[in-house]
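Visitor: Residue numbers (my numbering), protein chains in the order written: chain D, 1 to 331; chain P, 1 to 270; chain G, 1 to 262.
Hints were generated in silico from the structure; no laboratory data involved. There is no bait here: all hints are sound.
Covered stretches of chain P, as calculated for chain D (at least 3 residues, CB under 8 Å):
| no. | region |
| --- | --- |
| 1 | 3-10 |
| 2 | 97-106 |
| 3 | 254-266 |
Heads up, incomplete: computed chain P residues facing chain G, CB under 8 Å, no partners named:
| no. | residue |
| --- | --- |
| 4 | Gly37 |
| 5 | Trp175 |
| 6 | Ile188 |
Small disclaimer: the values here were computed from a predicted structure and weren't measured. Beta carbons are placed, not taken as given, at the ideal position from N, Cα and C, and that holds for glycine.
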Amino acid sequence: MIDVENLGKTFSVHAKEPGLKGSLKALFRRQVVTKPAVRDVRFHVDEGEIVGLVGANGAGKTTLVKMLAGIIYPTAGDARVLGFRPWERDNRFRRQIALIMGQKAQLWWDLPAEDCFLLLKEIYQIPQDRYRAALDELATLLEVRTLLNIQIRRLSLGERMKMELIAALLHRPRVVYLDEPTIGLDLTAQRAIRDFILRYREEHRPAMIVTSHYMEDIERLCRRILILREGELVFDGSLEKVVRTYAEHKVVTAHLARTENGAPVSSDVERLGQIELCNDVTIRLRVERARVAEVAAELLRRYPVADIAIEEIDIGTIIERIQRARQEVRT
Amino acid sequence: MTPRLFWHVCGVEARKRMSYRVDFWLSSIGGFLAQLGVAYFIVLALFHGSGRPTIGGFTFQGMILYYAAVILLGRVVRGTEADQTIAQDIYEGGLTRYLLYPTSYTVFKYAQNVGTLVPALLQLFLLGAWFPLALGTPEGARITGASIAMGVGASVLASVLYFLLVWPIQAIAFWADNVWSLMLAHRILANLMGGLLVPLTLFPEWAQRALALLPFPLLFAFPVDALLGRLDLHQWLKGIALGLLWCTALIVIGRAVWRRGDRRYAGVGI
Amino acid sequence: MLRYARLYACFVRFSFSRAMEFRMDFFFRIGMDALWYFVNLAFFWVLYRHTASLGGWGYDQVLVFVGGVFFVDALHMTIFSNNLWWLPITINKGDLDYYLVRPVSSLFFLSLRDFAANSFVNLFMALGVLAWTLAHFPEPLGALPVTLYIAMLFLGLFLYYVLHMLFLIPSFWMHTGGGLREIFYALEPYATRPHGVFRGWVRRILVSLLPFALIMSFPAQALLEDLALPVLAHMAGATAAAFLLMLWLWRRGLRAYVSASS
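Using the sequences and the hints, build the whole thing.
Guide: Following this line, the structure appears as structure tokens:
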């Protein structure tokens with residue numbers, strides 16, 4: 001449903017020297033700096049698939065999504081969504097997609113939600129019976145049936161996000177882009193929205209691309225993730241594969257019993273693994289998978305250990321490390 | 001865009017406008033009276049100073065009626081506060097939402113613009129109806145069913161033409177960070193050349209001939225003259241034809257500007 | 001006092017820096033103001049084709065008046081207009097808190113912080129027109145009256161600011177400042193047209209209750225009709241009264257703001 005081939009986008013921005021003199025100079029001549037936001041990206045998304053798009057701020061996630069929604073033009077490469085080039089903005093294409101941005105309200109503030117939906121019904125030319133059915137279903141699932149007649153500006157952030165979701169899904173899009181759908185929401189609202197997205201996928205099987213900074217969104221919603229770093233796609237695969245490929249270490253934590261010997265000598269501990277924490281009550285080490293048993297035994301033998309724990313590195317940390325890594329980790 | 005959607009958008013916008021508070025109505029009626037007051041005193045001084053019974057084909061009463069009509073109708077042609085919304089959509093990223101919709105952004109905006117006219121239209125009827133009654137129909141003016149029909153037709157054309165003039169100017173927001181001054185410049189120029197500041201018949205002959213080719217007189221002077229029965233059918237048809245020509249040219253220009261600007265749109269933030 | 005001068009210098013520098021960031025707007029604005037000057041001159045030129053006098057003002061006299069109008073307007077645009085445009089919005093959004101916590105007069109801060117660097121260039125244009133109209137005047141104008149004229153224009157500028165503020169300060173109580181602001185803009189032509197054209201009670205109001213005629217017409221009248229002393233006294237008195245009223249209202253407004261916000 002979504003096919004992306006070597007897609008790229010370069011922005012040019014102006015730079016100005018500081019101070020009044022720089023300003024005057026900039027008035028007549030400006031320095032233009034080009035900034036590649038997305039470089040040579042290729043991937044494919046199928047029907048019913050939810051793909052997580054992850055990356056640091058400025059990695060190019062939103063730019064990529066905007067290109068696939070047809071809002072901005074690429075400067076290189078090509079993409080097909082439902083067989084259309086998004087930026088040609090064919091009406092047949094636009095009737096089948098939706099973009100939801102958590103950072104930006106798309107509904108009209110002064111109107112009650114249902115008035116907005118009626119306008120959307122006209123915009124997308126949704127027949128009355130289909131509109132009713134869709135609105136009923138969505139409003140029930142999201143538990144906002146009683147709020148439909150209240151001005152959007154008077155709703156809470158979580159309720160507003162739910163209305164945005166309804167607005168975006170009324171016309172039953174076959175491709176849905178969700179850009180930070182849970183940003184700024186409390187935990188209950190985040191969970192409600194995630195549950196809703198999963199149920200919606202079960203019933204309607206659209207292709208979805210989700211970007212988020214919350215690892216929980218990604219872990220709960222997506223089986224497959226794409227990782228962008230500085231505009232380049234550095235990983236495309238399943239979540240488990242990320243752990244298998246990149247989590248070469250485990251974390252071993254030993255809680256020590258009180259003794260008179262004082263804190264362990266860190267140069268001794270260092271030989272066992274990479275120190276994350278080392279004081280007179282706790283030793284926490286990052287240890288290669290193969291050496292975990294050996295290191296644990298060594299710790300127990302050498303120190304007055306009261307309790308010991310062995311854990312996987314959490315997925316957020318792994319992804320963060322991939323995002324920051326300098327060397328190429330493309331698989 | 002379907003006509004149904006067009007009227008729906010108009011309706012939504014009109015409802016928003018009509019829900020404005022009392023102070024909106026007071027200020028727009030107060031503003032009208034203040035504007036007409038200045039015009040009244042200038043016209044009075046003008047006739048007093050010149051000592052002639054008619055100036056530029058207007059009697060004193062005729063010119064007052066002209067000013068009242070052009071101020072009220074000018075608001076209808078311009079729409080209220082709708083001047084800046086396209087540029088704002090561009091640099092605040094509001095355009096994004098419309099680009100997703102399977103409908104034309106420009107037509108959508110024009111429909112909204114028509115919706116915002118409703119208060120101005122009401123004012124035109126409420127305030128405007130008094131003047132012919134109070135002043136009688138001055139010499140040279142003849143308000144009839146035909147003149148009202150011609151006035152309505154000319155006003156519709158003026159409204160579309162005004163929007164089409166503003167549209168490419170606002171699209172410059174794709175390049176510039178602020179087009180407020182450009183909009184104001186357009187407004188100032190249209191005020192003078194469209195006949196809002198001074199009736200165009202007061203201009204020297206050569207200026208009138210030059211103005212007759214420009215779109216500005218079609219915005220204000222033309223619909224008012226049609227409404228007040230100062231135009232015969234031939235003059236009216238000529239104005240409409242010129243207006244349609246300008247509309248076509250502006251659509252071509254606007255589309256070209258828009259197509260180039262659109263490629264620069266980044267939707268705010270990367 | 002010195003501290004405020006230094007602070008103002010800072011505002012100016014900052015504004016220049018920012019204005020140049022929006023460089024297209026910088027040039028647009030110069031063009032827009034030039035056009036405004038042109039349209040105003042054309043307006044009177046067209047009218048005087050049909051009459052020798054408007055409300056007792058001849059064409060040459062009106063030109064001197066228009067030169068003064070441009071000068072005061074350019075100063076107002078440069079120094080105050082951006083600030084005053086934002087004032088009701090700042091009040092209604094509750095953004096005033098930010099200014100109230102600073103150890104600087106809030107009135108000073110809110111009236112002057114945004115110096116319009118892009119209008120600054122137009123000040124030279126306006127000065128040029130003013131100089132041209134004065135030189136063009138058929139009778140010789142003495143150096144002293146001309147100096148007094150310029151001084152009175154500055155007084156007019158101050159009165160303009162004070163009147164503008166009087167229309168904005170009610171935002172403290174009204175919660176939408178838009179309406180009164182629109183009325184002020186609608187009343188501006190009563191200042192930019194020679195006050196001789198206005199008659200009867202309207203004229204009496206324009207020199208007393210709503211002293212718009214004092215801003216630009218009175219200085220020109222003082223210069224052209226040699227009525228300097230009474231006109232100056234009238235103008236200074238009205239300005240002082242309006243200023244005191246403004247200060248009083250501002251204080252009451254601030255008190256209303258502080259007690260209303262939680």
